[in-house]
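> Spelled out, the chains give:
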Amino acid sequence: MATMTVIQLFVFMLAGFVGVQTINRIPPLLHTPLMAATNAISGISLVASLVLAGSGESVLATILGTIAVACATANIVGGFLITDRMLSMFKRTQTAVTENSGSRVSSAGSSS
Amino acid sequence: MSEILIQLAYLLAAFLFITALRALSRPDSARRGMQLAAFGMAVAIMATLFQARIVSYEWIVVGAAVGAIAGYPLSLWVPMTAMPQRIALSHAFGALAATLVGIGEYIIGFSGGTLVRSTVAALGLEVFFGGVTVTGSLMAFGKLQEILPGRPVIFRGQNAINALLFAACCFCVVWLIVFPTHVVIFSVMVALAVLLGVLFVLPIGGADMPVVVSLLNSYAGLAAVATGFAIDNNILIIVGALDGLSGLILAIAMSKAMNRSFANVLFGAFGSTQAATAVETAAAGEMSPTTTENAALRLAYAARVIMVPGYGLAVSQAQHQMRELGDLIEKRGGDVRYAIHPVAGRMPGHMNVLLAEAGVPYDKLVDMDEINDRFVEADVAIVVGANDVVNPAARTNPASPIFGMPILKVEDAKSVLVLKRGKGKGFSGVENDLFIDPKTSMLFGDARQSLLDLALQVKVA
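Chains as they are written, first to last, in this note's numbering: chain A, 1 to 112; chain B, 1001 to 1461.
It should be emphasised that the hints constitute simulated quantities derived from the structure, not laboratory data. Backbone N, C-alpha and C define an ideal beta-carbon position, used for all residues, glycine too. Watch out, some of these pointers could steer you wrong.
[Unchecked claim] The calculated lysine-lysine pairs, modelled on DSS-like cross-linking and capped at a C-alpha distance of 30 Å, are:
(1) 1439(B) to 1414(B)
(2) 1331(B) to 1414(B)
(3) 1459(B) to 91(A)
(4) 1414(B) to 1459(B)
(5) 1331(B) to 91(A)
(6) 1256(B) to 1331(B)
(7) 1414(B) to 1256(B)
(8) 1459(B) to 1331(B)
(9) 1409(B) to 91(A)
(10) 1439(B) to 91(A)
(11) 1459(B) to 1256(B)
(12) 1409(B) to 1439(B)
[To be verified] Okay, the calculated bits of chain B under chain A, using three or more residues with CB under 8 Å as the criterion:
(13) 1054-1062
(14) 1086-1099
(15) 1208-1221
[What the hints assert, rightly or not] Computed, partial: chain B to chain A, Cβ under 8 Å:
(16) 1074
(17) 1250
(18) 1438
(19) 1449
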């Protein structure tokens, strides 16, 4: 049991480092989609709710579990859909694609 | 299905989730990445359904159906301006799920006599973070949706009471670790956490919500981490850590952009407007108003134009009008960029989404750090519904309450056009030197109407 917890602490720490590295690379341009995305992904807590709702160990646990399943599912369904809806709005200038794909810095050349 | 296969499914899901977050670093790869993450989510859920502890499925189906039906309209019908409320609400949902799981697992463990100290410690933290996030997010939702008053509600000893509540919660967690079976203490802690969530958001004003929403995102993540520890589930720990850190990083970025130290944010001192005591140190001067015709003429013949949208733009729903004006200037050969201050909207990156929705290509949306050097070259900078984020006093006047706040260097532009409703002060109540600068012309009126008129005039110029 104790070793299990220690391993989990390692997982937590490593995931934390990966998280800092990954999230710091995300530009402010996409911070709102990022929030919606982490919301959708954190709907993974559904797996805990599923176990509680389906364990049938007590009526109260089942009720709590069912509400939790509904909340988590709403976050997953809503979260992924809204993230996709938002990301689909981010479009590049038509001409900029053909000109030069990575030219956000060149200010003068990209007017069309 | 064997436990190993379930765990491998979780491993795949974790991999896809991290890949999705990496894909979010570029707008062109982000969408595909999120679709892969959704696939990973489906795999993880399917695998979980085979878990040995699950013996009946009818309530799972009921819960999932209700959730799916609720989630669908919450995503497709919500306008982009309401995104902060929508995100706050989903934090509440996520945290409620975590809290209920925590309570449920505690009940099962209690009646089965299987409560172990380490598990109870995790459950305690889960319910604490979850409880605070549920009510905190609902409060944030209420304020953003304007169901509750948006102004800060302040009373004496507020911070002391919050600190006391927090200490009581910590005490309860410690107590539970020592005596895992004290149900009363567990219940008291749930109640205290829920109360703390309300009191913690109460003193925070509407414009400070970006920090709060980010911070609640972080707490929701921490609740998920605690769930993972409680039920020995690695993917919850991983996802919770990612979620928690993402919220924390955004909260720090936001508080920096709003000129508040993070410690200041954490201890709830924000929202209390220092502006009330602000001394008027701004240089005296007159604003010089201009006409639509004059302004349009200048825009029509400008080679480089930078648009500076503030939250006032979103309030008057004028994003489309701004984009149309920008398109017209571009059609005449001008180069148009949009300068985005980190706190231009009501949540991190909000203004980007609003302008992207209006059809502005994302390569024209430029972050503050990148665009600030380019104001010098701009012939005209158009400020729409922004005030504090363009106030040069933040850099020049140490006596100003907003001194030190990172701002868009609009005053470097060759000329400035400010679209403003009236002559009033900004959110912080500070005078803005930019408005009385000789090279600044003011165009008073509703932002939406002004932009429409400007576009009409540019068309015929």
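> Next, verify each hint and record whether it holds.
Status of the hints after comparison with the structure:
Proposed proximity of residue 1439(B) and residue 1414(B) is supported: the alpha carbons are some 7 Å apart, at most 30 Å. Of the pairs offered as hints, the one joining residue 1331(B) and residue 1414(B) holds, with about 21 Å between alpha carbons and a cut-off of 30 Å not exceeded. Taking the CA atoms of residue 1459(B) and residue 91(A), the gap is near 25 Å; set against the 30 Å cutoff, the hint holds. Of the supplied pair hints, the one linking residue 1414(B) and residue 1459(B) holds, its CA atoms being roughly 23 Å apart against a limit of 30 Å.
Using a Cα cut-off of 30 Å, the hinted pair residue 1331(B) and residue 91(A) holds, with the two alpha carbons roughly 19 Å apart. Between residue 1256(B) and residue 1331(B) the CA atoms are separated by roughly 37 Å; this puts the pair beyond 30 Å, and the hint is violated. Distance check on the hinted pair: residue 1414(B) and residue 1256(B) sit about 28 Å apart at the alpha-carbon level, within 30 Å; holds. Under the criterion of a C-alpha separation no larger than 30 Å, the hint pairing residue 1459(B) with residue 1331(B) is consistent with the structure, at around 10 Å.
A distance of roughly 27 Å separates the Cα atoms of residue 1409(B) and residue 91(A); the hinted pair therefore holds under the 30 Å criterion. About 34 Å separates the Cα atoms of residue 1439(B) and residue 91(A), which puts this hinted pair outside 30 Å; it is violated. Taking the CA atoms of residue 1459(B) and residue 1256(B), the gap is near 40 Å; set against the 30 Å cutoff, the hint is violated. A distance of roughly 14 Å separates the Cα atoms of residue 1409(B) and residue 1439(B); the hinted pair therefore holds under the 30 Å criterion.
A stretch counts as covered by a chain when three or more of its residues have a beta carbon under 8 Å from one of that chain; for the segment 1054-1062 of chain B and chain A the count is 7, and the coverage holds. Against chain A, the segment 1086-1099 of chain B contributes 9 residues with a C-beta closer than 8 Å to a partner C-beta. That satisfies the three-residue criterion, and the hint holds. Check result for the segment 1208-1221 of chain B against chain A: holds, 5 residues qualifying (beta carbon to beta carbon below 8 Å, three or more required). A least Cβ separation of about 4 Å between residue 1074(B) and chain A falls short of the 8 Å threshold, and the interface hint therefore holds.
Given hint, residue 1250(B) at the interface with chain A, holds; its Cβ is 6 Å from that chain's nearest Cβ, closer than 8 Å. Evaluation of the residue 1438(B) hint against chain A yields a violated restraint, the C-beta minimum of about 26 Å exceeding 8 Å. Interface hint at residue 1449(B): violated, since its Cβ lies 25 Å from the closest Cβ of chain A, which is beyond the 8 Å cut-off.
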